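Residue numbers (the working numbering), protein chains in the order written: chain A, 1 to 111; chain B, 1 to 492.
In case anyone wonders, no lab produced these hints; they're calculated from the structure. Everything numeric in this text was worked out from a predicted model, so none of it was measured. By construction, the Cβ of each residue, glycine as well, lies at the ideal position given by its N, Cα and C atoms. Wrong hints could be hidden among the right ones.
[To be verified] Computed footprint of chain A on chain B, listed as stretches where at least three residues anywhere in the stretch have a Cβ under 8 Å from a Cβ of chain A:
id	stretch
1	163 to 172
2	321 to 331
3	356 to 364
4	386 to 397
5	442 to 452
[As the list claims (entries may be wrong)] Simulated pairs of lysine to aspartate or glutamate, DMTMM-like, Cα-Cα distance not exceeding 20 Å:
id	chain 1	residue 1	chain 2	residue 2
6	B	K286	B	E301
7	B	K384	A	E34
8	B	K451	B	D151
9	B	K290	B	E280
10	B	K338	A	E100
11	B	K390	A	D61
12	A	K40	B	E358
13	B	K290	B	D60
14	B	K290	B	D450
15	A	K18	B	D376
16	A	K40	B	E345
17	B	K290	B	D260
18	B	K384	A	D61
19	B	K338	A	E34
20	A	K18	B	E38
21	A	K40	A	D61
22	B	K20	B	D60
23	A	K40	A	D52
24	A	K40	B	D421
25	B	K492	B	D60
26	B	K492	B	E11
27	B	K384	B	D450
28	B	K254	B	E102
29	B	K338	B	D60
30	B	K338	A	E39
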Amino acid sequence: MISLSRSQSAVGIITPMKLTLAEVEHIAQLARLELTTAEKELYRQQLSAILDYAARLQALDTSGIPPTASVLPPRSVLREDLPRPGLPIEDVLRNAAQTEDRQFRVPPVLE
Amino acid sequence: MTALHQLTAREALEGLALGKFSSMELTRACIRQIDRLEPGVRAFITRTSEQALSQALAADTFRAAARQSGQPVPPLLGLPLVVKDILAMAGVRCTCGSRILEHFVPPYTATCVQRLLDAGVVVLGKSNTDEYAMGSSTENSAYGRTFNPWDMSRVPGGSSGGSAAAVAARMTPVALGTDTGGSVRQPASYCGVTGIKTTYGRVSRYGLVAYGSSLDSVGAFGRTAEDTALLFSVMAGHDPLDATSMDVPVPAIKLGDTPDLKGLRVGVPREYFISGMQPEVENGVKQAVKQLAALGASVREVHLPHTEYALPVYYLIAPAEASANLARYDGIRFGERKDADAIWEVFYRTRGAGFGPEVKRRIMLGTYALSAGYYDAYYGQAQKVRTLIKRDFETAFQSVDVIATPVAPTTAFRAGEHSNDPLAMYLEDVFTLPCNLAGVPGLAFPVGFDKAGLPVGMQLMGPHFREDVLFRTAHAYQQVTDWHQRVPELAK
């Protein structure tokens, strides 16, 4: 039974999820997100609470259950490989922060 | 005569067809209502009044010419519409409620919007949304919160809160929303309007800015089920530009004049009536189910035993998909950029500065759920439990045609009430998430009011591609009740 209270312990086998600051920094690095010190501590606490709540899924026996990645029936979607006009380059470049010679301009990728 | 902005879409289209008023007059009436109420309600991120008036003029010209020549006119000719600011319209900025897209002007138009434009609609503007549709209150918008027209201290729900509030405030007869975990149905419920979340694969997602790609569905708001069906009929159907759009015939939605639900089997799942929910919500929904029975439907209990797992499943799968989808905002091809010497620093700084707190939270959560060492335990397990939730619905729909539940455990909550507690905010979605995980259609509509005068909503869910049953059921209910006709005091 669901309850709007989350204090109930759905599972006894999982120890409360506590993320470390180092783990938060690692995730932020994977996600390419610059976080302030305050944000890191906030997300450490909030993600711990959310993951703790999500841990109740571990209690379900899902052996033999296939994963659902899409609710649609599995099928291949194919079309004729025909040339067709794309968007005008000017329209596409209009939203870029920096352009040069009808291309996106970025800082050096290699030193 | 009723003021033009108070008309439903059906009434407006009838009036236009009979020449009782022009689209210019109708559009001007809506714009005047927006001018009057928008400073308080704040339903819009971008208004497109001038463009709307030229579309209205073109509609009137077209209708006059068609009348001369005896030609048919497109089905929604001259009808005003509001579009959620997460659906692309060429030439109109699309912010997704995010600072990072403050100046983004899409070079193309979403298929669902294009189909409505081809059918003759007049677009009044782009409505406010939680950033990238992540939220249940429209408080997570970089452009400020939207206010609930029934009580300005309350949220309109979310994430399509701007569209729901605009329809409730009689600024527009109809509006578009999107629904990934309840983002059409919950604001419809909180604002006392009708909202349809379509079957996954029914309406093209081309031009809908992606959040959770296996869950995102286009939806529509109106004041009646009939009005949302009008938009649905135009938007639905296969689109080669979206590989997940299904080539399934779209039935003509025939809504009769006599409310008769004989033969309809309604299922009520025990799992959706839980401890801690507002008694007026529970009572309102139970009364509405009785009303369906009085119209001839048979009511039985059904079981959706994995309902309690929908919340943790959703809040792993949706953020995981979001973390991948939002990787594209790196400051290079579009969006605001924070410059730095090295490209990696550009990514970090651009994303750190451009995204708001809820978006960052979900990107972090999703990245964690997909990261090495945790993938199987979190994302993999969530996908398997999603299968169990989907099977619950398949089993239930073997014995019933439609499932009736509350939309949310409470009526509209106060602004700021859940601001510091994301998990409490997520719990608002507990009854709307399963529908997205199973990919089935859902419809929300008002079935009463609580003591504070806030609307109570009911949700109907149907099998895949059976939106027609939801429209028919809600239409019959609305023919014998008047909850959907109540107008917020400020909008009168």
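Hint-by-hint comparison with the structure:
no., hint, result
1, 163 to 172, "violated (count 0)"
2, 321 to 331, "holds (count 4)"
3, 356 to 364, "holds (count 5)"
4, 386 to 397, "holds (count 4)"
5, 442 to 452, "violated (count 0)"
6, K286/B x E301/B, "holds (12 Å)"
7, K384/B x E34/A, "violated (33 Å)"
8, K451/B x D151/B, "holds (13 Å)"
9, K290/B x E280/B, "holds (15 Å)"
10, K338/B x E100/A, "holds (18 Å)"
11, K390/B x D61/A, "holds (16 Å)"
12, K40/A x E358/B, "holds (13 Å)"
13, K290/B x D60/B, "violated (45 Å)"
14, K290/B x D450/B, "holds (18 Å)"
15, K18/A x D376/B, "holds (19 Å)"
16, K40/A x E345/B, "holds (18 Å)"
17, K290/B x D260/B, "holds (14 Å)"
18, K384/B x D61/A, "holds (10 Å)"
19, K338/B x E34/A, "holds (11 Å)"
20, K18/A x E38/B, "violated (44 Å)"
21, K40/A x D61/A, "violated (34 Å)"
22, K20/B x D60/B, "holds (12 Å)"
23, K40/A x D52/A, "holds (18 Å)"
24, K40/A x D421/B, "holds (16 Å)"
25, K492/B x D60/B, "violated (27 Å)"
26, K492/B x E11/B, "holds (18 Å)"
27, K384/B x D450/B, "violated (38 Å)"
28, K254/B x E102/B, "violated (42 Å)"
29, K338/B x D60/B, "violated (46 Å)"
30, K338/B x E39/A, "holds (19 Å)"
Going through the hint list in order, the structure does not satisfy hints 1, 5, 7, 13, 20, 21, 25, 27, 28 and 29.
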